[in-house]
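**Student:** Please model the entire structure based on the sequences and the hints provided.
There are 2 protein chains.
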Amino acid sequence: MDAAEAPPPPASSDAANRSSRRRLPEWRRCLSAVGRFAEEKVGRIAREDPRRVAHSFKVGLALTLVSVLYYVTPLFNGFGGSAMWAVLTVVIVMEFTVGATLSKGVNRALATLVASSLAIGAHKGASLIVSSENTESILLIVFIFFVASAATFSRFIPEIKARYDYGVGIFILTFSLVAVSSYRVEELMPLALQRTSTIFVGVAICLCTTVLVFPVWAGDDLHKLAASNLDKLADFLEGMETECFGENARSGNLEGKDFHDAYKSILSSKDKEDSLCTLAKWEPIHRKFGFRYPWSQYQNLGTLCRQCASTMEALASYVAILRKYQYPEANPQLYMKVQKTCSQMSLHSARTLRELSSAVRSMTTPSAMNKDLSAAMKYANGCRNELLQDSALLQLSDMVTQINEITESVNNLARLARFKNQEKARNDVVINVRNQ
Amino acid sequence: MDAAEAPPPPASSDAANRSSRRRLPEWRRCLSAVGRFAEEKVGRIAREDPRRVAHSFKVGLALTLVSVLYYVTPLFNGFGGSAMWAVLTVVIVMEFTVGATLSKGVNRALATLVASSLAIGAHKGASLIVSSENTESILLIVFIFFVASAATFSRFIPEIKARYDYGVGIFILTFSLVAVSSYRVEELMPLALQRTSTIFVGVAICLCTTVLVFPVWAGDDLHKLAASNLDKLADFLEGMETECFGENARSGNLEGKDFHDAYKSILSSKDKEDSLCTLAKWEPIHRKFGFRYPWSQYQNLGTLCRQCASTMEALASYVAILRKYQYPEANPQLYMKVQKTCSQMSLHSARTLRELSSAVRSMTTPSAMNKDLSAAMKYANGCRNELLQDSALLQLSDMVTQINEITESVNNLARLARFKNQEKARNDVVINVRNQ
Numbered sequence: 001m002d003a004a005e006a007p008p009p010p011a012s013s014d015a016a017n018r019s020s021r022r023r024l025p026e027w028r029r030c031l032s033a034v035g036r037f038a039e040e041k042v043g044r045i046a047r048e049d050p051r052r053v054a055h056s057f058k059v060g061l062a063l064t065l066v067s068v069l070y071y072v073t074p075l076f077n078g079f080g081g082s083a084m085w086a087v088l089t090v091v092i093v094m095e096f097t098v099g100a101t102l103s104k105g106v107n108r109a110l111a112t113l114v115a116s117s118l119a120i121g122a123h124k125g126a127s128l129i130v131s132s133e134n135t136e137s138i139l140l141i142v143f144i145f146f147v148a149s150a151a152t153f154s155r156f157i158p159e160i161k162a163r164y165d166y167g168v169g170i171f172i173l174t175f176s177l178v179a180v181s182s183y184r185v186e187e188l189m190p191l192a193l194q195r196t197s198t199i200f201v202g203v204a205i206c207l208c209t210t211v212l213v214f215p216v217w218a219g220d221d222l223h224k225l226a227a228s229n230l231d232k233l234a235d236f237l238e239g240m241e242t243e244c245f246g247e248n249a250r251s252g253n254l255e256g257k258d259f260h261d262a263y264k265s266i267l268s269s270k271d272k273e274d275s276l277c278t279l280a281k282w283e284p285i286h287r288k289f290g291f292r293y294p295w296s297q298y299q300n301l302g303t304l305c306r307q308c309a310s311t312m313e314a315l316a317s318y319v320a321i322l323r324k325y326q327y328p329e330a331n332p333q334l335y336m337k338v339q340k341t342c343s344q345m346s347l348h349s350a351r352t353l354r355e356l357s358s359a360v361r362s363m364t365t366p367s368a369m370n371k372d373l374s375a376a377m378k379y380a381n382g383c384r385n386e387l388l389q390d391s392a393l394l395q396l397s398d399m400v401t402q403i404n405e406i407t408e409s410v411n412n413l414a415r416l417a418r419f420k421n422q423e424k425a426r427n428d429v430v431i432n433v434r435n436q
Numbered sequence: 001m002d003a004a005e006a007p008p009p010p011a012s013s014d015a016a017n018r019s020s021r022r023r024l025p026e027w028r029r030c031l032s033a034v035g036r037f038a039e040e041k042v043g044r045i046a047r048e049d050p051r052r053v054a055h056s057f058k059v060g061l062a063l064t065l066v067s068v069l070y071y072v073t074p075l076f077n078g079f080g081g082s083a084m085w086a087v088l089t090v091v092i093v094m095e096f097t098v099g100a101t102l103s104k105g106v107n108r109a110l111a112t113l114v115a116s117s118l119a120i121g122a123h124k125g126a127s128l129i130v131s132s133e134n135t136e137s138i139l140l141i142v143f144i145f146f147v148a149s150a151a152t153f154s155r156f157i158p159e160i161k162a163r164y165d166y167g168v169g170i171f172i173l174t175f176s177l178v179a180v181s182s183y184r185v186e187e188l189m190p191l192a193l194q195r196t197s198t199i200f201v202g203v204a205i206c207l208c209t210t211v212l213v214f215p216v217w218a219g220d221d222l223h224k225l226a227a228s229n230l231d232k233l234a235d236f237l238e239g240m241e242t243e244c245f246g247e248n249a250r251s252g253n254l255e256g257k258d259f260h261d262a263y264k265s266i267l268s269s270k271d272k273e274d275s276l277c278t279l280a281k282w283e284p285i286h287r288k289f290g291f292r293y294p295w296s297q298y299q300n301l302g303t304l305c306r307q308c309a310s311t312m313e314a315l316a317s318y319v320a321i322l323r324k325y326q327y328p329e330a331n332p333q334l335y336m337k338v339q340k341t342c343s344q345m346s347l348h349s350a351r352t353l354r355e356l357s358s359a360v361r362s363m364t365t366p367s368a369m370n371k372d373l374s375a376a377m378k379y380a381n382g383c384r385n386e387l388l389q390d391s392a393l394l395q396l397s398d399m400v401t402q403i404n405e406i407t408e409s410v411n412n413l414a415r416l417a418r419f420k421n422q423e424k425a426r427n428d429v430v431i432n433v434r435n436q
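For the protein sequence lines, the chains are B and P, in the order given.
Counting in the UniProt record's numbering, the first sequence runs from 1 upward without gaps.
Counting in the UniProt record's numbering, the second sequence runs from 1 upward without gaps.
There's no promise every hint is true.
Any copy will do: because identical chains look the same in the list, a pair fits if it lies in one copy or spans two.
[As the list claims (entries may be wrong)] In silico BS3-like pairs for lysine-lysine, Cα to Cα no more than 27 Å straight-line: (1) 257 - 281; (2) 41 - 161; (3) 420 - 378; (4) 340 - 272; (5) 281 - 420.
Note that these hints are calculated values from the structure, not bench results.
Quick caveat: nothing in here was measured; it's all calculated off a predicted structure.
**Tutor:** The structure is reproduced here in structure tokens:
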């Protein structure tokens, strides 16, 4: 049906009449609205992280490479029907980060090797024990039942679930396939070899694509996550200072503010951090991340950041309750007295965190004596008596202790990962500038 | 090497000598230690949830059924090499719950249908447009590149990621495979039909096994999770009462107590709850869960429980800080005054939550007027002046408000899910008892 030939939609009112002035048929306008919505959504997702677009094209590229190999090389002619295993491998193994692709590829290759050897062994064993073909197939089915059950159960063991879940799946698949095929295929060995080699070709193509074309490193993401968590903690403290304790403290209302929502994302960052850390350990040396880089340190730092964020949550809920029951009006004197202390503690703590985050970002050792941290500690320690009158202050001073622990953790990371010395880094910059 | 023939291990000391009295060789003792450890671990995992063992055997059973079909029926003889697709489907589609298996099975079947149709269409289209075989294969490769890239990108859209991630993966796989095969296989249509029908056989076997043999329902788990979350909240309040506010209040130390760790698991229950809810919607009618059962209500209830747990966390961290700075000793009068109020609020709130959890468990409507909730509300409202002196009290009274919301949410659930009337349920029990 052409748009020009379509009857105009029945006009139910003047307004509808006006809006349909262009005489586009209903379904076309609907379609264009859906199109615009999808365009916006897709655009937003792509802009949020342009590496997603690159990854999509990388998957396309890897599949194209496999198909081209399939079309042109005599190699794949020899492989025959097994060539599809390379396609299957590429679709399953290609992941967003280098670490994930590498771990899946190795899992797949090893599981295939182990399972096919075991299945061929089972087949040979069965044919040695019994002579009749029927009895042999019954024996093989019993094998399949018990091996599949045991392997499935092993997936419930947390350590295996975390690291080898995918490998166990491939193991069950390959074992069943080879064991079942052994019944009909005369020459099992060449078939198993063919499949294994095509799978290796698929894994190799995935690894080349993922490392050589716009590589996405899990280690990079983990490093950036640590720095951004520190920034978010600093944001919250600065926001608290502005809204609640500062000289021009405004509403005292934290809900709906950007910094208030930001620290919540820290609380739920554990899973992402753990999986990035597992993947980062798989990745080869790249950029500034050398051999045996102390990735686990990021998990320690993350745990401390989450504890700090949880104290912040308690503090925020406390401030919200105070506001609800007009606490400042009820106790104006106490409120005035503690306001300055809180303001100073928040400001100095925020500056400490900012320095730490920029040290992590630039991979330089943070300065040994942090003046802001000492100032915050001084305020926290100096006014215990005042503190005892108000639990918000107690919580805030507890937070300063936690920030001290975070500082130590960043220092540890800097030492273990051999961050550059800050002085030296500055000199390097100066030399670079002079040389230009 | 036999154990009897093995030389005794070199005794480095008397102690070592005594321990190796039985003259077991080193590697055997090592092996038996590993065995005992594995046995304990496996035993614990199996006891924690015996359905895991059942699931493992179910996977074994489904694979055995596929293999038997492969061995005995002339049906599979006709399918030839495609029979392996049934094995592959079973390994991939079998999941722990009925809902997950059903959703994966439908995803797999639909994605295969759509992708093979599209690939065959692309093949036909390409052969219509160009005449040379080489040009056609180039055209097909270009198709694969763009379709795979677009489909991979769609996986980054959260809505698609949550529901159809697996389906999109299968779509890419099937499209590439059929498009690539089209180059070498003469008769594409029969091949595609064969594969699709074997996949349907695989999905059917999975569904039969998962529904007929010890079915595990995601809906059941979601329902039990809701009840146990309510119980954990009650546990915390009772624990608080015993440790901090009660007449024989002991240590005031909450760390390391069972109830203190329990509420933390509520905070991290969101992902599990969401995924169970998505899967429960896939499941057919079973037991007391009828058609269009209001599963989303469990998510509302869960959100309220998490808010309440988060207030509890704030309260617990507050109590910990008070303890750290010996607040009770510093302000004995205030502490005494608020202790009774806190104790009563905690006790009545805990009883309210217990009643709600038992109502959810037995699927009966909770009583319309909850005396304990009214008592807790009375304490919370009656002492605003005292409350203003201490923020712990403020937080506790805030929690009473939240428990009121939880009560409303459970009532909503009872109405929408048509829970039995409590009076009627009791009468039923009486009648049952009399009939026995």
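**Student:** Please list, smallest to largest, the hint numbers that this structure does not respect.
**Tutor:** Violated: hints 1, 3, 4.
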